[in-house]
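Asks: Protein chains in written order, with our numbering: chain A, 1 to 363; chain B, 1 to 540.
Errors might be hidden in some of the hints.
[Claimed, not checked] Some, not all, of what chain B presents toward chain A, calculated at C-beta under 10 Å:
(1) L43
(2) V92
(3) P94
(4) E132
(5) A133
(6) K134
(7) K194
(8) Y421
(9) A426
By construction, these hints were calculated from the structure, which means they are not laboratory data.
In this text, a Cβ means the ideal position worked out from N, Cα and C, and glycines have one as well.
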Amino acid sequence: MSNQHPNASAADTRHRQYREYVIRRVAQALLVIALVYTLVFFTLFVLPGDPIENKLTSPLNPLPPSAGEALRAYYHFDLSPIEQFALTVSRLFQGDLGYSLVSGRAVSDLVAQGFSDTIVLAGVAFIMTIVLSLAIALTAVYAPVRAIRSIAASAPIASISAPSFLIGFVLLAIFSFQLGWVSSVRDQGFVSYVLPALTLALAVNGPLTQVLIQGLRKAADEPFVTVLRAKGTSEVRIALGHVLKNGAIPSITMLALVVGELLAGVVVVEAVFTRTGLGFITFESVRDQDTPVILAVVILISSIYVGINLVTDLVYPVLDPRIVRPGHGRSRRSRLARPTVATAAATGTAVPDGIPTKASVDA
Amino acid sequence: MTRTTRRRARLAAAALVAVSIALTGCSAASASSDADGGSLTYLDAEIPTSAQVQEAGTWQTRALQQNITDRLLYPNAETGELEPWIADSWTVSPDGLTYTFVIRDGVTYSDGTAVDAASVAKNLNWQSTGDEAKGTTPNAQFPSGLVATPDDATSTVTVVLAAPYAPFLNVLTGWGSGLVADATIDASKEEQSKFVNLIGSGPFVVASETYGKEIVLNRREGYAWAPPSSPNQGEAHLASVTVIPVQEDSVRLGTLKSGEADVIRYVQPSEEQGLVDAGYDVVSKTGVGLSNQWFLRSQAPFLDDVDVRKALLHAIDREQIIETQYTDSWTPATSVLSPGTFGYVDESAKFAYDPDAANRLLDGAGWTERDADGYRTKGGERLTVKTYIDVYDNTAKSLFQQIQNQFKDVGIELSLNELDYSTYWATAFADPEVGALRVGWPHPDPSKGLSEYYSKDGSDLLGLAGSDTTLQSLLDAQNAATDDDTRAAILGQIQDHLIDQAYVVPILNDSQVFVTQQRVKGFSLTDGALPEFYNTSIED
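Isolated chain B, as found in the complex:
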């Protein structure tokens, strides 16, 4: 790529000398750094859309919220422990219904209002119920029927749940649980959509915003309430962070290489090694939550047979996929959950790449004939599994094609179909012929993702409608488990069951990949693989 670019550039340079003369007056833009930590230019691969707190689902929006707002608890990405943040301490009643948070003193939002018990309670109630009149939806991660009551005298907030909800503390650490000032909560939904109206207590404040073009974050003066494990306990080092969405991969990379950008998100895996060799730092992380996985629908043709489903588990050579298409930043999936997630159990031994086992299973299931193209048949029907290429993942197409090839080795045809972004969900998920689709994203607590996808009360992607009572009762039970050990054990059983029944085919652990200039120091990613600029500085 680099070489091609340079060659093209030389050719064109010769042809365009005349034009270039006209441009000599233009000033150069340099990534300058001032004395107090400098200004960082960050190029994201996507456009942040709405800043509305409960709706903020996209990755690029979370990344901004992470740096603008604070949350009650902080998840330590290294240890997995929960740390105090805006909550100095917290207790949970034995029945799992009552949570008491002691709110830290002296914290303010960037508009000067206090982050006190009243404000925290207001936030929690708002997150749980939304605001129907304004068209504001509840936070999907929050339990419904939550009642938060402040006690200003003791600076405590008491939260009473209608039913035990074990993921609650983890959810409170999440990017979507950022605390915001009354001004934000009271604004209309349309006003809430603007980042300049997202008033948090975080280490950065939105200074300006042009939709789709640029968001400038300034350091919050007087910030002094970082989580205990943070190396920096005062104000952010950086004076400002300029976030520019650049959707073209080549332009983002070119801008980094020209020195104009300090940090970019997402490069093609094929570019990574070259960038490391050229002295750039690649910072990557798999976020906590669900791995990149395919769910299998047993109502789809041929997938009602558990042996066929199991054959799919064994037919994928994940190592080969990582080796040929990805880099060290990615790892093969080892479970339905990604490593480092609460309750994660390594299930990889159960779905190791084993074409012999896949062939045996398919033979045993009666798929013994082969047609002219080499695919297995039974009763004249070809063993075909239909899927649509995931539109949310820019590496999906080549990934799916490689799996298609690996399936062919054991005689399974993977029928690949494509849809555009706007019709993908509505069409692919409604298609009864579809046997497998890709899901799996970071979540602050794994149970939310599992319940959302696989419970009858969620999207019920497996289409079981609760008929697998083991799965359904396990999913229900982990919400009610009031101690961590019990809950972790149940999460382990859920992973066992999803793999044993071959409902889910884990593929790989998705990573967020960032490339930084060497002058960028202290750039780190949260447990959800979001960029944290608080500890970052620029040192020439």
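Same shape as in the complex, but just chain A:
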């Protein structure tokens, strides 16, 4: 018993390798966020115009040039870009995100207001997307009538090609303007999330549904289905209990991509539904070159994306320990960048062309 079991040593090695892998990936993630922040900060200096300049010379309410000096000094625009960067970063580490140059509001308030709204919207939309995809995919594979199956199978294409602006406006026209069930402009709490979330879900479910349909079709043809059928298991049980369980695996990877698409889609949806979420805050701050707000939004969004990537990367080795082994070379980059393909290949599922990978969503 004193002798170490060879397996224990292997487990130790694997453990150590995983720890190194985690440290490396976390460091990489932090580096990405820092680089994005720095890049955006200095890009804003290169671009023509700034909100102070606009304020001073706005044709609506121009300020005397004498007022400019004081205003520049107040916002530290009189410092060099490097000095301003140092100041901004040091404040950032104290948790001070500064104030909007346009609305004068605390950036932390604006971002909190936007984020709390968007996270609920995206969450509801995420659940709706899953329900919608399941409903369409199950219909496409199991509906008794062939015509219904093909209509359901073509639904993802329709969803991909329908602009969410149009979907949103149609929903608004029916349920707000015509039926008056929900206000088009007032915030009525949870009810007000339904239409925008549905718009988002209708817009992003396409790729997910496609992969799900393929997965289900393939699983439905597997020999174990024949075995189950022979055993007398009911069709519903086979479909929901067994085929779905096996056929949904590739789609689960796609859910991470769906989150990205939901966040990207909120700008349009929030405009149609007069919501003041993160999309709205982003749009306004970019339009007005409101530097402190842009920087806060950038650091938040990049943290979310990098965070999702990080979680995915940290979970993969748990599913497939070969990933952390040094020298196990099948280019880590390609694997990490294309989890959909990697997972799909691992489970022997074909990935249809045109499905956005995580890399394309990140871009």
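Starting from the known structure of chain A, fit chain B onto it as the hints suggest.
Replies: Frame of chain A; chain B shown alone:
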């Protein structure tokens, strides 16, 4: 639009029956009106940004300040006369340097503090100097070097100016001159940015605010100091006004048509007639100040020749523009100033649409050749005027394109360029190739706009740097003119000169267009075309 919407709606309704079942539990929102005047829902087209008094330049912010704060004097939009408001009476010394205001008794801010001489003086000094330590800028309309001194015993405020400043009384009527409580003045700049911290003595009080989403105004209990001409002398009729910014034109219109909104600001001109036919009221007004105009920069290519500039004046068919793109709510510009503005003179005869005159002028200036595209050339160069499409005006693109077509008829190429909102001013105004850009907005006093744009001490948009001494001395002289007649005469000469030299091409008189439900009564616009909810009520 309506028809399209309905058709789309029917199609989609068929497809979405299943989804709709899930929503049947949702309650309907109706524009209810309670017994005492009701609650009005107003949809603005833009988001109010900062409530900071001196910075409040945007239209949607002014509209709120107009209803939250009171000012010393009230400009009667019908007669153009100045009326007492918070100032019971006022006198101006013959040299134009000393103003004495007698402050009305019994007025309070919504936080309970008194609108007394001390408070008024504090406001005026603060408006004039700003607060450098807080990053608060001076009110651009105010004269600098102003000293306001209160005398509580007589309830008077004496204002001494460093130099005569004739626009002063008009400026005091302006939306940016609203009087606010000490609590607002003493707050940090960031606190001042919130509308809930804008403490005025006006007929409405900010009850709540969610940035970008909603601002609720409640009726000020006990309000009893309206200007004399106001039909309502007591509290506002409306119990509350909910201001919701809705930037999507179609959503704003749809919400009005569904009955959920009472008043909206801005509809596409093409929608107006249909709304009138459907029983909605269109309320519109051109604000006092400068007309929608292009300034011409004589350093830009080819515009150093006054005849070329004059040709541009005559090449625009303003009637056609109004007829094809706008409605009765708009009018062709007749001067650098808009009608109803102090000192306005009708200059339209000098720049009537006359393509023959434009052609003659251009021929005389040597632009006699034509190139393959039909544009005039001289020495191998094409007669091109560069501009950027105005980002502040949502009808600008089609307007500019129509002018481009009209210019082509006389052989001038108008080169249209586009920029986004955040880079427009910095890029377009710095571009030395640019010959014309659009300016012109409402101002409580026209001289401020004129000086700001065209004086060497302002933005000097004409780029003259004072070299046109006639213009410069006229602009300087009207500030110092101490009686209205002299000042009006000088303003007339300024308009003459700007048109005679063809420095400015007036295009049209901008309007603010509102659409209201029939149940909305007494909704009116101020001289600056801002909505006034004080006299408004909802009657079913």
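Asks: State for each hint whether it applies.
Replies: How the hints compare with the structure:
{"no.": "1", "hint": "L43", "result": "7 Å, holds"}
{"no.": "2", "hint": "V92", "result": "24 Å, violated"}
{"no.": "3", "hint": "P94", "result": "28 Å, violated"}
{"no.": "4", "hint": "E132", "result": "4 Å, holds"}
{"no.": "5", "hint": "A133", "result": "8 Å, holds"}
{"no.": "6", "hint": "K134", "result": "8 Å, holds"}
{"no.": "7", "hint": "K194", "result": "7 Å, holds"}
{"no.": "8", "hint": "Y421", "result": "5 Å, holds"}
{"no.": "9", "hint": "A426", "result": "3 Å, holds"}
Of the numbered hints listed earlier, those contradicted by the structure are 2 and 3.
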